[in-house]
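Enquirer: Here is what each chain is made of, one letter per residue.
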Amino acid sequence: MEKQEFTITVYTENQVGLLHRITTIFTKRKINLESLTTSESEIVGIHRFTIAVTESEEQVIKVVKQIEKQVEVLKADFYKKKEVVQQELALYKIATETLTNGIEIERIVREHNARFLTIERKFVVIEKAGYKRETKALFDELEPYGIKEFVRSGRIAVARQQFGPGKDIEAVLLANSSSI
Amino acid sequence: MASIDLQPTEYKSPSHQTTISGAEAIVQALIQEGVDIAFGYPGGAIMPVYDALYDYQDRLHHVLARHEQGAVHAAQGYSRASGKVGVCLATSGPGATNLITGIADAHIDSTPLVCITGQVPSHLLGSDAFQETDVIGISIPVTKWNYQVTKAEEIPLAIAKAFYIAHTGRPGPVLIDITKDAQFQQLNFEYKRCTSIRSYREEPVIEMNQIEAAAKAINEAKRPYVLFGHGIILAEAEQEFKAFVEQSNLPAAWTILGLSAMETSHPLNVGMLGMHGNYGPNLLTNECDVLIAVGMRFDDRVTGNLDKYAKQAKVIHLEIDPAEINKNVHAHIPVLGNAKKTLPLITQRLQKKDRNEWLERFAECDQLEHDKVIQEELNPTNEILTMGEVIRILNEKTGGDAIIVTDVGQHQMVACRYAEFKQSKSNITSGGLGTMGFGLPAALGAALGAPDRTVVCVVGDGGLQMTIQELATIYQTQAKVKVLLLNNEFLGMVRQWQQLFFDKRYSSTEMINPNFQLLAKGFRMHTNQVTHRDQLDQALTEFIETDGAYFLEVMVGKENNVFPMVPSGSGVAEIRLD
Ligand SMILES: Cc1ncc(C[n+]2csc(CCOP(=O)(O)OP(=O)(O)O)c2C)c(N)n1
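If you read the protein sequences in the order shown, they are chains A and B. So for the first sequence, our numbering puts the first residue at 1; every next one is plus one. So for the second sequence, our numbering puts the first residue at 1001; every next one is plus one.
It should be emphasised that the hints constitute simulated quantities derived from the structure, not laboratory data. We put the beta carbon where it would ideally sit given N, CA and C, even for glycine. It is possible that part of the hints are untrue.
Here are the simulated lysine to any residue pairs, SDA-like style, with alpha carbons at most 20 Å apart [as the list claims (entries may be wrong)]: (1) B:Lys1216 to B:Gln1351; (2) B:Lys1327 to A:Leu117; (3) A:Lys65 to B:Lys1216; (4) B:Lys1327 to A:Glu57; (5) A:Lys65 to B:Gln1351.
So the derived list for chain A, only partly shown, Cβ under 8 Å to chain B, looks like this [stated by the list, open to error]: (6) Arg29; (7) Thr96; (8) Thr100; (9) Lys148; (10) Arg152.
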């Protein structure tokens, strides 16, 4: 089956070692994680992993079932590209002197809907949120001016449906409120 | 990330608080879980627990293995024979890493274990302290759950969760790593067994439309065929399973982990699946119209080449673990749930059918296999002893009442093919991992887990030497293990592959062995050796009838092969009879 981009979301208890447990499910199958982001979720005390992979749907289904089977995982789901609203955040550090050489950089930043996060004496940091192709496009335009440091965050995404998986989880938690 | 939310208030009742050490809490928790036997090996980081055990010897018997691998396999054998959770203890570092093979074995064969390892004191974690290993990290891929305890107050809940997780749902091994300082710390101990965890569902909810669909498909089937696995034994659904197959005369074949779930003499029990399974059960997988898999996971040793596996059949898969559905074989009708509950629901809906013609196909294949393979294996016409004839006579002596524990290799396949069983939990073997060295310690555990039963360990000369030190544990515990060494002076199974697929280039498979008779005598065993057929019957009588442990070595043909065989990469229908 053809590989495509998937976003996997995992709602979990906040537990040491769970990150390792989840990543070994991918490494065991030699699947490359493009990115993995952990954060709090909309439910108090419940954490959320957002994982980006490019894989066949068949493989993703199997992996998601293996993840969901882990004791401290409340729910795991996967989404195709069109089923999520997604973003990545990129930071670009360039020398301040490139700004003084004209208005080029400012124009680029404006055109890309990016912004200056900080302007220091020696360097400036530009911030851009968007799809990978958008942060990449800005990178390509800034590159001739010399990028001193660049970083792009993992993908974060929410489902394109009124309620995300959290709705089901709240129901589960409510039903099991007496258990640990 | 923060550590586990312990909600300690729920576990303390100020009225009857007792302050004890973490180590004592571990022992008391085990006792509260009904553990009366644990297998292990002491060392620095677990010494407080051993010290606490000293005071509880009357209630919790500790079996001192001779290697931690022996301890964990013994715990597995104990669990498989008794249906209870197996418990083992080990120290940090090398003690813990020595457990890993057994934990991996228990994981793939769904055996409930609670393994407790000592760990360096918490302030030394990450400092490469003496005997520090990241046991949590190492064991993650092979445990159902694991957890590191660094404070004594975490112990009761961690152990309660460990037992609950190990034995519910699809069972599996759990590891609790406990730092030495937590073992010394005092805590207010009160124990409550765990009965649910909010993020964990024991069993999927049964969907009645799946039940209906399964029953309808079976009722409409002309050639339905059942495959049964370990799930039946783990769910203790043997009666439900029998009622199910009998209701509609469904031929049923077993995986080596399902073996003994239904008595081998049952007319609907058509034999063994897999690479060295029976002819009909393999061949007819590709002739059935509905394939009903119950509590089995389509291991590749069972299916052979998946592209040539049961493509014509509608597949019904009864399974407790949703991750097994469509993992290897597509299930047209998945039936999620505990087989003990789903089977009767389907049985109720089944029409009675005689299916004589279809059952006759199995009988025909059986006859063919009998003529071409079984007859000569069980009653050889030349003077070289076969493994099969040893098992045939063993059956006569045990009457099918014994627990047979095997190691891994040719003798395992022969024992699984030919041993007869009347009751469940009687075939204990390392299936998914194929762990040589499993047999002897697992037999010890089985003997302690089922003390009223005869336990025979069928083992090869290769595998025996992997854990032979456990003969000492057998002696110390006075466990009545009957060790049946089928000595072919080769790593037989590998040699067979070399013969068939590597031009007979016997690279590092011949064994120049020690004198096993002297060795076994050194371990204070009753011993005997059979070199000729005329000694065999009498030797096996003595072997079974002698009260206590016994070591019987039978010199079998050096280059005998196990047939039939589905060569690796071939489809099940390409099974070779020679
Ligand atoms: C720990 C381990 N190492 C290697 C193997 C590979 N292996 C499978 S069967 C076998 C030969 C077993 O020989 P023996 O114990 O003498 O039994 P036999 O096949 O002769 O009955 C080997 C080496 C294994 N299964 N387990």
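Enquirer: Of all the hints numbered above, which does this structure not satisfy? Sort the numbers upward.
Expert: Numbers 2, 3, 5, 6, 7, 8, 9 and 10, in rising order.
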